[in-house]
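**Student:** Assemble the complex: chain L is given as a structure, and chain B must be docked to it using the hints.
First to last, the sequence lines map onto chains L and B.
Its first residue numbered 1, the first sequence is counted upward by one per residue in the working numbering.
Its first residue numbered 1, the second sequence is counted upward by one per residue in the working numbering.
Everything labelled a hint here was simulated from the structure, so no lab data went into it.
The beta-carbon is built from N, C-alpha and C at its ideal position, and this holds for glycine as well.
Any given hint could turn out to be false.
Claimed, not checked - Chain L is faced by these chain B residues, among others (derived, beta-carbon under 8 Å):
(1) Tyr50
(2) Glu81
(3) Asn98
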Amino acid sequence: MGAVAGVIIVIFIVRMLSGSIKVPPIALAFGVKLAVFVFTITMVQATAPEVASAVLHVVVFVLIWVPIPLLQWIVVPLRMPRAAYWTVRIGWPLGLTKEIEASAVVYGALALARTSPSEAAISWLERKLRSSEPMQGAGVVAAGLLAALRKDIDQARGLLAIADRMHARLIPRSMRLIARDWLVVDAARVGNWHRVIRLGRHGMTRLRWSYSMARIGERLTGDPKAWRNWQLWPCFLWAPRRRVTYPLFRRALRVPVRQSVSPDAPPSITGLPLTLGGFARVLERANAHDGELLARSIDTVDHDLNSTHEMIEQRLGVLGGRGDAGSVLAQFRQRLIDLVTPLIEDDPYLARAAQPDSIMEQAVWQVRRRLLGDIDARCKDYRERTAGEDSLDLIAEWEAWARLTTSATRLLELDSAAENILFQMIYAPVCNFAVYQHNGRKRIALAHDMFVWLLAYAQGAPEARQLLAKNVQAGIAGI
Amino acid sequence: MTTHDPLAAWRSNPFFVLEVPTDATPTEVERAGQRLLALLALGSAGAGTYETPLGPATRDADRVRQALAALRDPQQRVLHELWANVAPADGPASGHSNAGPWEEAGHALGWSALWAR
Chain L
1 MGAVAGVIIV
11 IFIVRMLSGS
21 IKVPPIALAF
31 GVKLAVFVFT
41 ITMVQATAPE
51 VASAVLHVVV
61 FVLIWVPIPL
71 LQWIVVPLRM
81 PRAAYWTVRI
91 GWPLGLTKEI
101 EASAVVYGAL
111 ALARTSPSEA
121 AISWLERKLR
131 SSEPMQGAGV
141 VAAGLLAALR
151 KDIDQARGLL
161 AIADRMHARL
171 IPRSMRLIAR
181 DWLVVDAARV
191 GNWHRVIRLG
201 RHGMTRLRWS
211 YSMARIGERL
221 TGDPKAWRNW
231 QLWPCFLWAP
241 RRRVTYPLFR
251 RALRVPVRQS
261 VSPDAPPSIT
271 GLPLTLGGFA
281 RVLERANAHD
291 GELLARSIDT
301 VDHDLNSTHE
311 MIEQRLGVLG
321 GRGDAGSVLA
331 QFRQRLIDLV
341 TPLIEDDPYL
351 ARAAQPDSIM
361 EQAVWQVRRR
371 LLGDIDARCK
381 DYRERTAGED
391 SLDLIAEWEA
401 WARLTTSATR
411 LLELDSAAEN
421 ILFQMIYAPV
431 CNFAVYQHNG
441 RKRIALAHDM
451 FVWLLAYAQG
461 APEARQLLAK
471 NVQAGIAGI
Chain B
1 MTTHDPLAAW
11 RSNPFFVLEV
21 PTDATPTEVE
31 RAGQRLLALL
41 ALGSAGAGTY
51 ETPLGPATRD
61 ADRVRQALAA
71 LRDPQQRVLH
81 ELWANVAPAD
91 GPASGHSNAG
101 PWEEAGHALG
111 WSALWAR
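The following block holds chain L by itself, in its conformation from the complex (with noise of 0.2 Å):
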């Protein structure tokens, strides 16, 4: 009997191995997973002592069944980022079978953020990460966290954001949870509650702590719109970090939910040295997050400026000046110009408050020049790629994916309107390129987000409509 099953288990591993029979990657590591352990467990109690046999059959339960609590709660707050990233290679956890090596990384580097991370580290993470393969959201994961442990938060960012808006089937859902949960740190750390809010609530999968979060983010935000306390205790404890988030919620709890959205009062006091100083105040971190405000004391200070062209004229008569009064107020307005400039590279969501033919309008058309002509020279580099035929490293190709769809994110948080100008400049290129990679490179993941991506701004295009969604059912075929 016995020999007949051994002869059932060869035939079906040969023929699992030659293709035959496709097993999914998660019954697979499963089947794996129960041998392993059934053998194990009868190699300790056939040769450990008593007590010796207890404490591995513990051991053996632990790393073969339950990896990741074993890395959340002790791996990686005990800063083991090589230990970290060998228990997810050996304990093979059930939901990051598809991308074992990228999850290893990304839990290691997990680890190396709650310490000094060294180069040596990150490096050897690195590595790690370029040999394995294939490479979807949860090696997007690791390459943001390792992105961010260098550094570069821009392309950390544009990483995470790429994994978090991922298709369900390219990132399993604790890697998406890791992504947005950088992606609220990174927001709530500068004030950018509103980011808070869109991540958390707009996002296409709910998640409990981003969702509380902008729930708390709406409180502290004064939107009309926000929860009550009594709708707010329950969100915040079902929520998991309650300790760590509860003197932000009690923050927020002290701010009284508005009944409509009023705007606050202009300042009652007039002249430009108030006005200035009202503005400065807005342009520091605290309140530059707030779109409206900041377009209201610009608009005061330009209200302002024009009461000083007389005493300018003056000013210029004294000192023997040859300008004129129209030339100093020109060049104020520029100034104030390039001061907004940043703020709006850094939070293009400050845009919507615009008005029309004011100094902010001004300021979001010199960001939206900028972001334009960067979409233009990345797309080209995507045209002459396809052309030439010539790829860069998977890493480095998802980077630069990362880089272009940042930009074309902010470009539509600056102007929602320029959607179609933004579609006709990048389908031909990135659709083309996405298909090279798709056939030519076999680079499933990368083109199916680029159609996916496209797809979701191809409203007004219908031919392209059809053929994108052919390319992303194609796509998800193979993944």
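**Tutor:** Frame of chain L; chain B shown alone:
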């Protein structure tokens, strides 16, 4: 996301750098500039920093020379007078002060190294 200082350029206003009032005469401006250059050349400890209505800032000899050059041009001088006449930023700005940064965010998640400078 804001990681730079949005007021840095404003703090470099020539009147702030030279620590002279906006109604100072050209002679007073020159004298203040030369005095600062001499102090900086001697390595005076206090000469490298200055106070502005927007907070403290640092200066070097190059910045002092640039400030002097800017104030010699009448049109530039009037422009800088406008920017230098700013009420001190001591009161809270209107808006939602509770909506400020969550400084402990990175530490709270145990990811301090990711944002450390």
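**Student:** Confirm or reject each hint.
**Tutor:** Going through the hints against the structure:
Using the Cβ-Cβ criterion of 8 Å, the hint placing B/Tyr50 at the interface with chain L is not satisfied: the shortest such distance is roughly 17 Å. Taking 8 Å as the C-beta cut-off, the interface hint given for B/Glu81 holds, the closest approach to chain L being about 7 Å. Taking 8 Å as the C-beta cut-off, the interface hint given for B/Asn98 holds, the closest approach to chain L being about 5 Å.
In terms of the numbered hints stated before, the structure departs from hint 1 and from no other.
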